[in-house]
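Novice: Chain by chain, the residues:
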Amino acid sequence: MTHRSVEVPVIARVEGEGALHLRLEDGEIADLRLEIYEPPRFFESFLRGRHFSEVPDIVPRICGICPVAYQMSAVHGLEQLFEVQVPAGTRELRRLLYFGEWIESHVLHVFLLAAPDFLGYHDAIEMAAHEPELVKKALGIKRVGNDLMAAIGGREIHPVSPRVGGFSKAPRRLDLDPFLSRLEDALAELPGIADFAAGLERPSLPRPAEMVALVHPDEYAINEGGLASTDGRAFDATTFEAETREEHVAHSNALHSVMADSGEPYFVGPLARVNLNEERLTPVARECAARLGLHAPEPDPFLSMAARVVETALAIEESIRLIRGYEPPEPPCAEVSPRPGRAMWVTEAPRGILYHRYDVAGDGTIVEAKIVPPTAQNLRHMEADLRTFVPGVLDRSDEELQRLCEMVVRNYDPCISCATHFLRLEIERT
Amino acid sequence: MSLDVSASAVSEAEILAGVAPRVATVRRVVQEAYETYTYWLTLDDPVVRRAYRFEPGQINMFGVVGVGEIPISVSSDPARPMRLAHTIRATGRVTNVIKGLRPGDRVTLRGPFGRPWPVSAARGGNLLVVAGGLGLAPARPAIYRAIRDRGAFRRVIVLVGARGPEHMLFRHELDAWAQWLRFRGIETHLTVDIADDTWPYGEGVVTTLFPRASIDPRVTTVFTCGPEIMMRFAVRDLLGLGVPARRIWLSIERNMHCGVKLCGHCQLGPYFVCADGPIFRYDEIGELMGVAEL
Amino acid sequence: MSPKPRVAVFKMASCDGCQLQLLDAEDALLELAGAIEIANFAEASSRLEEGPYDVTLVEGSISTPEQVEQIKEIRAVSRFLMTIGACATSGGIQALRNGRDLAEVVRQVYPTPEYVRSLERSTPVAEHVKVDLELTGCPVDRGQLLGAIAWLLQGSVPRPPTTPVCIECKRRGYVCVVVARGEPCLGPVTRTGCGALCPAFARGCYGCFGPSQPPNTEALARRFLELGMSPVQVAEKFRFITGYAPAFRETAERLEREEASAT
Amino acid sequence: MRFLDEEGFGRLMALLAARGYVVIGPTVRDGAIVLDRIDGAKDLPRGIREAQGPGAYRLEATGDHQLFAWSHGPDSAKRFLFPPREVLSTATRLEGELRVDPAPLPEVRYAFVGLRSCDLHAIEVQDRVFAIADPAYRKRREESFYVGVNCGHPGGTCFCDSMGTGPRCAAGFDLALTELGGGFTVEPGTARGEELLSELGSREATGAEAAAAAAVTDGARERMGRRLETDDLPGLLYRNREHPRWDQVASRCLTCTNCTMVCPTCFCNDVVDGISLDGTEATRTREWASCFSEEFSHMAPGDVRKSARSRYRQWLTHKFASWIDQFGTSGCVGCGRCITWCPVGIDVTEEIAAIRVTDGEVAVAEEVVA
Ligand SMILES: Cc1cc2nc3c(=O)[nH]c(=O)nc-3n(C[C@H](O)[C@H](O)[C@H](O)COP(=O)(O)OP(=O)(O)OC[C@H]3O[C@@H](n4cnc5c(N)ncnc54)[C@H](O)[C@@H]3O)c2cc1C
Ligand code: SF4
Ligand code: SF4
Ligand code: SF4
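Protein chains in written order, with the numbering used here: chain A, 1 to 430; chain B, 1 to 294; chain C, 1 to 263; chain D, 1 to 370.
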C-alpha cells in the first residue's frame, strides 16, 4: 500500500484562514479535509438586543473584503420590513456603491490572489517584477473601485454612510463627476485584461452543478431580485431557508448548504450570475465574455475568474451610467419607524448571494439574526470539486498537487472570515 | 493692508534666522555618557556658516528630515561658531533616530533661539554654575566664555552632579578642568548620587557641594541647569544662603515646535520659553515653578 | 545598504480588513514591497517563511486557546510587534460577547456547539504578550499604517496621536452633529486617526478608533442622557466596536448598573 | 457713507471675483452657516436665522430676504489665513545629499465677505502672532480684501460688546456694510476699499439710512446674548490658579479641543513630519493643535499638563490674561463660538464670573475634607 499525503497548512491568498489535508491510499482519496480554523466571532449572537439602526455598523465587520454586501442585505431587509420608502436616487446610489465593491474585490482576486497561481508566482508583488505594467494597470482599476466606495461611503472598508432608510449623507454630483474619466480609462483596459486572462493556461473541471444567483427583470441583479438556478428553480429570500438546508455529512463536523429537496450542493458567485443573467450583460462585458470564451451556460467552475473579468467590465459600465444620471437623494435618508416582524433579504456579494434574516421587536431591537454568506454556501461544492479534480492529477509531484489543490480552492475566492461565524469544517474520510 | 506688529518682542533678524531650516552635516560623533552623544555639525552653506553666531544657553531646532525637529542647546564654545556641538540624550522618537546619525549624515538646524545666560551680569563678582546631568550641556558654553574672560570675575565655580559616573557628561574635560584649571582659578567640583570605586570625586546630590564652594551670597551670580526638581532644591538652598533671587538664573524646558512664539507649545504662564527663555531669572518664574502642571 | 527588514503579517480573530489596508494601498504597495521583505503574509503571498521577523503586524483578537499559544510563538520570533486594528488592540466587535455566558452565545449561532472551541472572552493581544506599538481603528487608517512603517524604517517608533476626533472634525470644517443636530457622537472621547469620517457624513462617531487620551466618558454620557437617551442606550453607545477598551467598558457598566438600580 | 442697493451688492461680488479674488463668504452646509468659496450672492444664507446657546446651534428659515440676518457659525477667517493644515517644506534625500525646499508662498488672494467686527478684530489678534515669522500668513493676509458686515443679530452666546470688539466694525475692513431692507450702507475703511466702491455705482446714503444703520448696531448691543466683567482679568486669573472652580469645570470638560478649534484667535499648532517608504521624500506640515490635547505639553520626562483641570486653566488663563502679557491684547474677541460649539456647553463667561464671585477661594486639600 502506498501512502501519500499532501498538507497545505495555510491556504494562502484567500481571505481568512483555512487549511487543506489530503491523504491518498493506493491512489484513492483516503482523507480530504478542508479545515477552517478561522475562529468563531458570534455576530448573530451579539446582534441580539442591539437597535436596528446599528446593524449597518455591525455587520460589515464580518468581512473587510465585502462590507458593503453585508450592509446592503441588512438595510434592504429591514427597510422592507419597516415599509420604508427610500428617497429617490437611493437605489442608484446603493448600486453604485456596491459596484465599487465589486470592482475592488474582483480585481483583488483576479490579480492579487488568483493570477499568480496561473503564472507560477508566489504573489502579485513577485508578478509585478515581471509584469509591472499589467500589475500597475490592475491596481489602478482597483483603486477606482476603492475610491468610489470611499466617495460614497467615507471609506472602502466598513463604510460609514449607509443607513436603514438611505444614506447619512449623499455625495454631491461634483464629488462623483471626476470618476467618469477614470472609469472610462479603466474600461478601456478591460478587453486587454480579458485577453490576458484568456491566455492563462487553466485546468478545467467539467462537473455540472446547480448554480444560484439573483435575477431581476430590468437589470443585472445586485441589490434586488428573485433567486433563480441553472436547474430552473425560482424562489426568493423569504423562502431561502426552506429551499436550502444545512446538512451534517457522514463523519463530518461541518454544516454544508445544500438544496433542501435534492440534498445536492449548489454553487453561487460570479459564474452563477453570468450564467443566469447573460442577456443583461453590458456591451464591453459581453465583448470580454467573448474574448474569454465564456458562453452561458458555462459549467466549468474554473471559468470563475473569467466571470470576474466580465463582471468587472459590467460594474464599470454600470457605474458610468449611474454617475451620468446621478441626482443626490434629498433628503439623504428617510424617516424610519420600526415595526415588529421578520426581515429577509438576499443581495449579490462579490462572491455570491448573501442572505440575512432579522427578527425585530416593536421597539426596533433585534431579537434574532441569521446570516448565510456565499462562501458557506460554496464550501460543500468546493470540496466536491476537489474530489473530482484530484484523481485526474495524481501523477503530479506533491508540490504541484498541492498547488493545484490550492488553485481549486482559491478559484472560489473563498472568504473564510465570512464563512466562519457560520460553520467549522472538518472532513475525515477513511 | 499693512500690519501692526509692534507688540512682537522678537526681532526681525532673529525671526529670519529661525524660519528657514538649514542643512548641516554631521562631522563627528562622540559618546559622552549613557545614551548621550555629542554631534559636531557644520552648516553646509559657507555664507550661513560664517555668519552664524550664538550666545551661551541658546538653542537650535535640530531637525531630522521626515522624523521631526526638537530644541537642543548648543553645547560648544560660542567663540568658535563654525563648528557646533549638540549633546543629545536618546529618549524618544526623534532622539532615537539621532542616535543612529553618523559622520556625513545631513540634518537641519534652525536658530539660534532664546535668551542666553547673562554671563556679563556676573562680571566683577563670582560666577557659580550648578549643573545636573544633561544640564551641563547648555551650561558649558557659558563656562567656556567665563574661562576666556576669566579676568572679569572674582571666582568661577562649577558644580556638577550626575546620577552615576556613567552619566557624567564631558568627563575628560571635567577631569582636566578639575585638575588644571584650578590654577587659573576655575573651581570645579563633581559629585554623583551613587559612586563606584573608580570615582575620585564626591558622592551625594549636587547641593552637597555648596559648603565646599563657600558661596559668598553678596557677590555671586548663579546659573543652574538640570532637571526641574534638582534646580528647585538648588535654588532653595541658595536662597537659604542669602543669594538674592534676581541673581539666580535657570534654564527651563518645554515642548517646542517653532522657536518663534507662534506654535504655543512652550508657554509657561505669560512666557514663551523659546523667546523669553529658556534662561530665566528666578524672581521671574519662581512663583510659576511652584504651580503644578502649569 | 542594509538588508531589507523582514516583515510578517498574521491574523487572529478578525474580518481581514486591517491587513486588506495593505493590499488596498495600491500605489504604495509596490513601493512598500521595495522597502521591505514580505516574509510571511498569507493573504497576499503563498511564500510563507519562518521567523525571526524584524517587524510583525498582528491583526485580530485572541479568542481561542490555540491563539493564546500562537501569539506567544509569534512574539518569540518578532523583534518588533505591532498590533493593528480594533480587534487586536481592544478585543474588537467580537468582544461584545465578553461578560455573556459563552455556552449560550455558542448555542445562538451554532447548531452543534460541541465543535466550537472558543475562549470566554475576546481579548486584545497586549493582554497576552508585550506589544511594541498599537494602531487602533476599525479598520486601521491606511495612512497611519504606512506612515508607521515608514517611521520604523527610519529607525524610530511613531507615537500616533491620542487627541479626540473632534480636533480633526474641526480642522476639516465639518459641522458638529452634537451641537447642530442634537445627535450623540463619540468624537469627543475617541482618538483621531480616521479623519473624522462619521461627522463628515453627517452622523455621530461610533468610536471605532477607541478611547482618546484619558477621555471624560462620564461627562459625555451625561450629555447623551440630556439628549433624551436612556442609560442603557447610552451604555450601548460605549459598548460597541471598541467597547472592551477599559475607558468605554467602565462607563458602559456603570450606566447599566444605574439603569438596573433605577428599575 | 454710501448706499448700495441689492443689485449693487451683486456687482460688488462680481467685481471681487473679476479682480481675481477667491470670494469667501457665509453659506449653509450641514445645518450651519459656514465659510466657504461662494459663487455670488445666490450662495449666501438668504432668509436664514440661527439660534445659539451653550452647546446648541440650530438654523431656522425666516422667510425674509435678508442675507446677513444671523450671527456667525463655527468658521472664521482663521481657516483661510492660517489654514488647518499647511505644508511648510519638503525635502529630498538622495545619496547622502539633502535638499530642503520651503513651500512656495501662496498665490491665492481671498476676498472675505460678511466678516463681523469680532472676526475682523480676531484677525488683528492673530497678526501679532504670525505676521513677522510666517511669510505665507503675511502674504495671504496682506493680499486679501475684507468686507465687513455690521452686526444686527448677535447670537445667544455673543459678548463682543464686553470685549470692546463689536458689534460695529471699527477697523480692519476695506469696506463695511450695514444691511437695511433693500440695500446696504457702505463705509470704506481703506483706500483700496474706496477705490473699489467708486467703481460700483453707489449713491450717497440719506440721513435716514445713516440713522437706520446706526440703529442696527445699537440694537445689537442691547440684544447681546452675554456679558463679561473684564476688569483686571489677568489679576483675577493669576491669583486664582488653585481655585476649586477649575476642578468643577474639569469634571464637565471633555478636553475635546472644540473651543480652541473654533476660536478665531487660537493659534496653537503642531509641526509634523512625514516620510516616504523609501525614505527619500519628506514633508513638514503644520496643523492646528490645541492646548487641550494631553500630548500638547509632552516632554520626555512626562506630559506637563496631565489633568483636564490644568489644561482648561491654561486655555482660559491664556485667552483672558497671559495673552495680554504676550501680545498686548486680550486673546478673546467675545464671539462666543467656544460656548456654542462646546459639545457640553461650557460657558467661559460663566466660568470667569464664578471665579470672580469667589475670588481667592482655594481648593481644600482632600485630607481636610475627609
Ligand atoms: C530649551 C531646551 C533645551 C534642550 N536642550 C537639550 C540638550 O542639549 N540635549 C538634549 O538631549 N535634550 C535637550 N532638550 C530636550 C530635548 O528637546 C528632548 O529630549 C527631545 O525633544 C525629545 O524628543 P524625542 O522626539 O526624542 O522624544 P519624545 O518623547 O518622543 O517626544 C516627542 C516630542 O515631544 C517634544 N519633547 C519631548 N521631550 C521634550 C523636552 N524635554 N523638551 C522639549 N520638548 C520635548 C518634542 O517635540 C519631541 O519631538 C532641550 C529641550 C529644551 C526645551
Ligand atoms: S461632530 Fe463629534 S467629532 Fe465632530 S466636533 Fe462634534 S462631537 Fe466632536
Ligand atoms: S468618526 Fe469614529 S466611528 Fe467614524 S470612522 Fe472615525 S473613529 Fe470610526
Ligand atoms: S475665547 Fe471663545 S468667545 Fe473668545 S474669541 Fe475665542 S471662541 Fe470667541
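Honestly, the hints are just simulated from the structure, not real lab data.
Backbone N, C-alpha and C fix where the C-beta goes; we use that ideal spot for every residue, glycine too.
Treat the hints loosely; a few may be bogus.
[Said to hold, decoys possible] Some but not every residue of chain C turned toward chain D, in silico, with C-beta under 7 Å: (1) L102; (2) Q108; (3) A180; (4) R181; (5) E183; (6) A202.
[Stated by the list, open to error] The list that follows gives simulated cross-link-like pairs (lysine-lysine, DSS-like), each with its CA atoms no further than 25 Å apart: (7) C:K72 to B:K99; (8) C:K72 to C:K130; (9) A:K136 to C:K72.
Novice: Run every hint past the structure and note whether it holds.
Specialist: Tested hints:
1. Interface restraint check: L102 (chain C) against chain D, minimum CB-CB distance 36 Å, threshold 7 Å, status violated.
2. A distance limit of 7 Å between C-beta atoms decides the matter here; for Q108 (chain C) the minimum to chain D is near 37 Å, and the interface restraint is violated.
3. The beta carbon of A180 (chain C) is positioned within 7 Å of a beta carbon in chain D (closest approach about 4 Å), and the interface hint is therefore held.
4. Annotation: interface hint on R181 (chain C) holds; nearest CB of chain D at approximately 6 Å, less than 7 Å.
5. Proximity of E183 (chain C) to chain D is violated relative to the hint, the smallest CB-CB distance being about 10 Å (cut-off 7 Å).
6. The closest approach between the C-beta of A202 (chain C) and any C-beta of chain D is roughly 6 Å, which is under the 7 Å cut-off, so the hint is satisfied.
7. Restraint check for K72 (chain C) and K99 (chain B): the C-alpha separation of about 31 Å exceeds 25 Å, so the hint is violated.
8. As the CA atoms of K72 (chain C) and K130 (chain C) are separated by approximately 9 Å, the hinted pair is consistent with the 25 Å bound.
9. Between K136 (chain A) and K72 (chain C) the alpha-carbon distance is near 38 Å, which puts this suggested pair outside the 25 Å criterion.
Hints 1, 2, 5, 7 and 9 from the earlier list are contradicted by this structure; the remaining hints agree with it.
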